[in-house]
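A.B. asks: Starting from the known structure of chain A, arrange chains B, C and D on it as the hints suggest.
Number of protein chains: 4
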Amino acid sequence: MTKSLNIGLIGCGFMGRAHSNAYRKVNNFFELAHRPVLKAVCARNADQANAFATRWGYESVETDWKKLISRKDIDCVDICVPNNLHHDIAIAAAKAGKTVLCEKPLSMDTKEGQKMVAAVEKAKVPNMVWYNYRRVPAVTLAKQLVDDGKLGRIFHYRAVFLQDWTISADLPQGGTALWRLDAKSAGSGVTGDLLAHCIDTALWINGGIQSVTAMTETFIKERKHNLTGKVEKVGIDDACAFLARFNNGSLATFESTRYARGHKALYTFEVNGEKASLKWDLQDLHRLQYFDHGDESRLRAWKSIHVTDHGGEHPYMDKWWVPGLQIGYEHSFVHQVADFLQGLETRKPAGPTFRDALETQKVCDAVLASAKTKQWVKVK
Amino acid sequence: MTKSLNIGLIGCGFMGRAHSNAYRKVNNFFELAHRPVLKAVCARNADQANAFATRWGYESVETDWKKLISRKDIDCVDICVPNNLHHDIAIAAAKAGKTVLCEKPLSMDTKEGQKMVAAVEKAKVPNMVWYNYRRVPAVTLAKQLVDDGKLGRIFHYRAVFLQDWTISADLPQGGTALWRLDAKSAGSGVTGDLLAHCIDTALWINGGIQSVTAMTETFIKERKHNLTGKVEKVGIDDACAFLARFNNGSLATFESTRYARGHKALYTFEVNGEKASLKWDLQDLHRLQYFDHGDESRLRAWKSIHVTDHGGEHPYMDKWWVPGLQIGYEHSFVHQVADFLQGLETRKPAGPTFRDALETQKVCDAVLASAKTKQWVKVK
Amino acid sequence: MTKSLNIGLIGCGFMGRAHSNAYRKVNNFFELAHRPVLKAVCARNADQANAFATRWGYESVETDWKKLISRKDIDCVDICVPNNLHHDIAIAAAKAGKTVLCEKPLSMDTKEGQKMVAAVEKAKVPNMVWYNYRRVPAVTLAKQLVDDGKLGRIFHYRAVFLQDWTISADLPQGGTALWRLDAKSAGSGVTGDLLAHCIDTALWINGGIQSVTAMTETFIKERKHNLTGKVEKVGIDDACAFLARFNNGSLATFESTRYARGHKALYTFEVNGEKASLKWDLQDLHRLQYFDHGDESRLRAWKSIHVTDHGGEHPYMDKWWVPGLQIGYEHSFVHQVADFLQGLETRKPAGPTFRDALETQKVCDAVLASAKTKQWVKVK
Amino acid sequence: MTKSLNIGLIGCGFMGRAHSNAYRKVNNFFELAHRPVLKAVCARNADQANAFATRWGYESVETDWKKLISRKDIDCVDICVPNNLHHDIAIAAAKAGKTVLCEKPLSMDTKEGQKMVAAVEKAKVPNMVWYNYRRVPAVTLAKQLVDDGKLGRIFHYRAVFLQDWTISADLPQGGTALWRLDAKSAGSGVTGDLLAHCIDTALWINGGIQSVTAMTETFIKERKHNLTGKVEKVGIDDACAFLARFNNGSLATFESTRYARGHKALYTFEVNGEKASLKWDLQDLHRLQYFDHGDESRLRAWKSIHVTDHGGEHPYMDKWWVPGLQIGYEHSFVHQVADFLQGLETRKPAGPTFRDALETQKVCDAVLASAKTKQWVKVK
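Residue numbers (our numbering), protein chains in the order written: chain A, 70 to 449; chain B, 70 to 449; chain C, 70 to 449; chain D, 70 to 449.
Do not rely on the hints blindly, as some may be mistaken.
No copy is singled out in the list; a pair is fine if it fits within one copy or between any two copies.
[Claimed, not checked] Derived DSSO-like pairs: lysine-lysine, alpha-carbon spacing no greater than 27 Å straight-line:
1) K72 to K108
2) K290 to K219
3) K333 to K293
4) K344 to K447
5) K184 to K417
6) K333 to K219
7) K141 to K299
8) K344 to K293
9) K302 to K344
10) K333 to K344
11) K253 to K441
12) K447 to K388
13) K219 to K417
14) K344 to K290
15) K388 to K108
16) K441 to K431
17) K219 to K344
18) K293 to K348
Think of the hints as simulated: they come from the structure by calculation, not from any bench.
So here's chain A without its partners, still in its complex pose (with noise of 0.2 Å):
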C-alpha cells in the first residue's frame, strides 16, 4: 500500500510544469512507498492556476501561498517562484512543518540561505533543492565512476552553460516569463541561473572549491522594464567567467553566458584525473565521454557512452525502456522525485538538501564579489 504525499505546488511556469510531470509519472515507473498526490497549486492568477490545474489534475487551486501553506491537507510544499520568493516562503513552510522542495538556486545570497537552512533544520522537515541535472543518468554515472577511484587523482575539472537567448537588445526585462533578466527577482543573471548548475554538479563531484577569481560583463546595459513599462539598467549579469582552487588541489574554469550564438543550453563538463577522464554535456545528455588510460595503449581512446543500458548498470535506466533508447530533460525530474520517496523511506535523505545548497550559494557569493573586486576570494 502506497502512503500518499500531498504536493501544494507554489508557481506554474515552467518549472511548475517540470515537477508536476515527475510527479504524475514517478510511480509508473518506480517501485515507491509513497506516491505524490497533486493536492494544490497556487498562482497569484487565479486563471492561470485554474487552467494549470485542469491541465495537470491538481485537485484544487490556491491564490495565496500563505493560506496554501497552511491547509492540513498539504504534507510538501513546491516552491517554483522567482528566486526573491524561495526565502519567505521556504522559512513559513518549514514552521508551519511541511516538507519543503525548493527550485534552485535557494535563494538571493547566502545570508537568506543560511536562515532557510536554519529554518528546515530546526523544524526537521525533509527538504531538497532542484538540482536536477545531478540524476542524468550520464552525470550520476559520472559521479559513481569518480566515487569509485575510477580517474585517480583529480588534476582538472573545468564547466561551461552558454546560452544565446538574450543577445537581442530588443529582449525586454522583467515579468512572468522574463524575471530571470530583473536583478530584484533573480538576484544575478547567468551566475544564480546557470553557474549554479555548474557548481552544485561540480561539488558533488570534487568536492569543495577554495577560492576563486572572476569577471562578469553586462552586454545590453539597459532594457524596457516589463513591469514599469520604462527603460532601466540591467542589474544582472550577461556574462560570468571564474578560475577556481578545490580543496583536493585541482585547478577549474566555470564560464556562463547567454550571449554564446549558436548555443540553447550547452552545459557541458570534463574533470581530468590521473588514471582517466570523464565530460558530459546537457545537449546530448543520454552520453558519457570517457577515456581510460588503463586500457590497451593501442585502443586507449574516448568512449561515447550511450548510458541507455540495463543490465549494464547505468542508474535509472532500468527503469525506462529498452538498452538503446535515449531519454531526456523531463527524466531528471523524475528520478529526483524517486530518490527523495525513497529517502523518505529510507531516512537517508536524498541530495542537495538546503544544506548542500548553501554551499552552491557560498560559491555564487564569492563569484560576484570577487568579480567586484577583481581580487581572488575565498569561500567561506
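C.D. replies: Leaving out everything else, chains B, C and D in the frame of chain A:
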C-alpha cells in the same frame, strides 16, 4: 470540454507501457478536444493485468480479449500483443465498431493485412498502426523538408536498423519476452520487427518501392524453446538486407540485423537528393543531419540540427520544454496519440492507417520472397 | 648505403602527383635500404611532361611509354594512366624485366587482369597495385585487430564510397580530367573507381567473397564528350550497390555513387564480429571507431581511437610527428612505398600484388554481370 | 626562373624536421618565385647533424651556429633550438643581414623579445615566427569569416590546449627531448609552449588583449634533471588558466595543461559573435564548426565544414588533392613557407613577424605576472 476516448489495452508488455504512458501524458502537453481514459487492460494472466492496472491507473481488468471487445464502455481497442494475434483481434474489434490501434507490423503477412484493412474500412472505424518513429521531431522535420522540395530529385535512400541482443547462443526462443525469436508468434525476424520500421519511414518520405532483391540469414540455427522446453530450429531471420528501386527512380539499400555488436537500436536513414541530403539516427534521435548544396560554397557542410527549438518550427517541440532540452523515445508515442486524437476531431485520419501499413507489409513479403527465390521480386 | 630504385612514371595527373610526393618523402621518414630516384616521367604531351618534371624533380622526360620502358636506367615503371592502358603497359614493362607498379583498378576486366598477372609472374618482377587505403594507419590497425581475433566470428561487413561530383548534367565526359566518365577509358564507373577500393579492403580484412547480387544506375544518360564534341550515351555506372556473402559466412552490403550530395569522398566500412566491431571513415581518416564487448558493462561504448600514437603501437605513426598530430591522405602512399621498398629487401612482397588485385577485379566483374542479368552471380 | 633562398637550419629536433619537410615540399605544390635550398644544418653534436643532413638532403653541416651565420652562402637562418637560445642567435643573424625565421615562442620574455624586434627591424631583414596553426586551412578560414564580418560583434573567445604527456612523476626534466620541462631552457611551461599558440591565434582573429587574471600550478614539484642527474625543483608551470578582456569588449577564458588525461594535442578555440559562432579543434584540424544565426530558423545548426574543397574557396586547399581528402599537421608549415616566400616577392611580409609575435610575449608575461601576484594585470 474534452471528450473521453475510453481505451481498452490488450497486452501489457513493453508496448503496453509505452502506449499507456502516452495516453497519460498527452493532455498535459497538447491542447486537444479528446482525452484518453484508461478504462481497461487485458492480459491472459490476471495477476499481471492487475499489477499493470494498478501501476498505470487502468480502471478495470480483463483476461479475455473477446470480453474486452464486447464491453460497451470501450471506445478504442489498442492491440499490443504478438504479431500472430493482430489479425483476429483487429477484425473482431472492427466488427464491434471499435476504433482500432495496432502495434506494428500490421500482420503476419500481406494476406492477413488485406483482411484487416477490409475489416476496418467496412466498419468505417478509425484505425492506426504504431509506426511511432514518424513522430520523432527530427524525422517529421525530414519529411517536411522532402515534401517542401528542399532535396530536389531523390537519387538515393539508405537505411539500417542494427541491434546486438541475440548474439548469444544461450538465448532461448518463445514465451513472454522472447516471442520475437519464435517464427510462429513473430512471423519473421528482423524483417517484420525492424525493417518494417525502416520501410514505413521510407515509403512515407520517398514514396513506393517497385522491386527488391534480398538475402536473409539465421546465424544461430537452433535454440531452446521456452514453451516446449526443447531445442528447436530457429525459424526467423537474424539478419536481412535488400536492394530496392523506388517508383521515383531512386536506389536504396536496407539492412537489419540483431548481430551487429555495439549497436542497441541503431536505426539510421539517409536521403540524397539533387539539392540537399539528410540523415537521422535513432541513438541521437533529437538531431537531424542536413546538407544544403545551396549554401555559400566555402560554408557548405553537414549541419547537426538540434531539433529542440520552438520558434524554429521544429515539429511538436513547442509543446515540451525550452530550446536545447531534448526529449526521448517515449515522446514519439505521445505525438502519435496527439495526432490521432486531432485526426478524430478534424476527420483527417492520422497515418499510418491500416491501409498505409499494408504497403509496408507488401514490401516485407517481397523481401522475404526474394530471399527465398534469390530473384528480384516486384512489390505488389 | 642505400640502393637506388630508378622510377619511370607514366602519367602526370592526380595520381602521378600523389606517387611522386611519396617517392620524394619516403626516405625522410623511413629507414630503408632503398631510395627511389625520380629518373623519368612520361606523358604524351611534352609540355605537360616537362612542367611536371621541373616541379617534381624528375631528371628526364619521355613522351612515348614504350621508349621509357626500353630505357636501361629505369628499374621500376609506375603506371598512372587511364585504366584502358594498364594492360599493355604493364605487360610490356614486365617483359622488359621492370618492376611494375600499377594504379588501381588493375585492369578493365578479369580477363585482362589475368594476362597481366601471368606476365609479371612469368617475368618474376616485383609488382604492386596502388590500393593505398590499406596503409591509412587506422585501416591497418583495423586489419591487425581482425587478424588478432579481437572481433571473433564476423557476422557483417558494410562499406560505402559516396561522392557527389557528377550530379550536374553539364559535366562532359572524356579527355584529360574526365576520362573516368568515359566507359572506353575507365571500363566502368563507380564500380572500378570506388567500389574497387571498398572490395580490396574487404577482401584483405574479411577474406573472399562467394557471391553477389547487384544493381547499377546511370542517372544522367547522355553527356557531351570532350574528345568528339558530341553528346554521347554515358556508358558508365553512376551508382552501384550490391549484397554479398563472404566465404566466412558473413553478410555484406556495398554501395557507391557519385550522386550522394554532401559527400566528397565518404569511404566508410564497418565490421561486426561476435566480440567486437569496428568502423572507419575516409573523411576523418585518422580515427578508428572500435567497440569491445569485453569491456566492463557500464563502460562499454564505441571508442574513437585517434590513431596518432607512437608508443601505442599505431601503425606507421612513430615515423611522423608527435601523438595527437594527424596525418592525411597523401601519407597512405608514402607508407605503401615504404612497405614496397622493405618488401624488396626482405623478399616478402608488399601487397596487394597483381595477383591480389585480380581478386578485386573478379568481384567487380561479378557485380557488373549481376547488375546486367539481375541474378546472383558467383565470384570465380 | 625561381630564385634560391639558401637555408641554414639551427637545431635538428622535432621542429627541424617539420621545417625541413616544408622546405622540401613547398615548390612541388605552390607556384612561387623562390625556392628554398637546404644549404646547411647546424647542431652541436656532429653525428646528429650529419645524420640529419643525410636524411633531409642538407648540403653541409655546422656545429657552431656562429659559424653558420657567418657563411656567405646562407640567406636565411632558421632557429629551431630551445627558447633560451633564440635571443642571441636571432640578433646575431639579423646583424649578419640574414633573413631570420624563429620557432615560437619568440623569446624567454618580453624584454628579450623587444631586443630581437629592434634587431631585425634595424637590419631590415625579413623575419617570421613559426606560429604554424594560423595556416591550418580551417583556422585561416575562421580568420577570413571574422574579417568578413560574418560574426558581427564578438562577445566571447575561449581556447584550451590540453595534453597529458607529463603526468608520470618518473619523467625527468632537461636535456635533448625534455628541455621543455626545464625552466632554464624553456622559460615557462605550458604558457610559452602551448598557450602561446592559443594567444597568437586569438590576437590574430580577435585583436588585442587588455588585461588578464591567471593561475598556474606545478603538480609534480620535483623531477630528476637529465643534465645534473639530481632531483631538482621543477620551475615550469604544468598548467595555466587565465581570464581575459579583449580591446573589443569581448571576454575570454584560456587554459592549458599537460595533465589532461586523454588529450594529446587538444588545441581548441571558439568565438561567439552576435551573428555567428565558430570553433576549431586541432585533433580534427581539417574541420571548422560554424553556426550562422542568419540561416532559416528550422535549419539553424552547427555545421561541420570539411575544409578540403577547391572551388569552395577553402584556403590553400586547391594546391593539394581533391575535395574530401584531408591534409594534416605538417601542411601548416608548408603553407607558412609558401606565404613567407610569396611575401618576399610581394614585399608584404607574411605574419607573424617578430613584431607580431612580441604581442603574444607580452600577454604571456602578463599571465605569468598575474599568476604570481594574484592580481589582474594589464598587457602592455
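A.B. asks: For each hint given before, does the structure comply? Return the numbers of the non-compliant ones in rising order.
C.D. replies: 4, 7, 12 and 18
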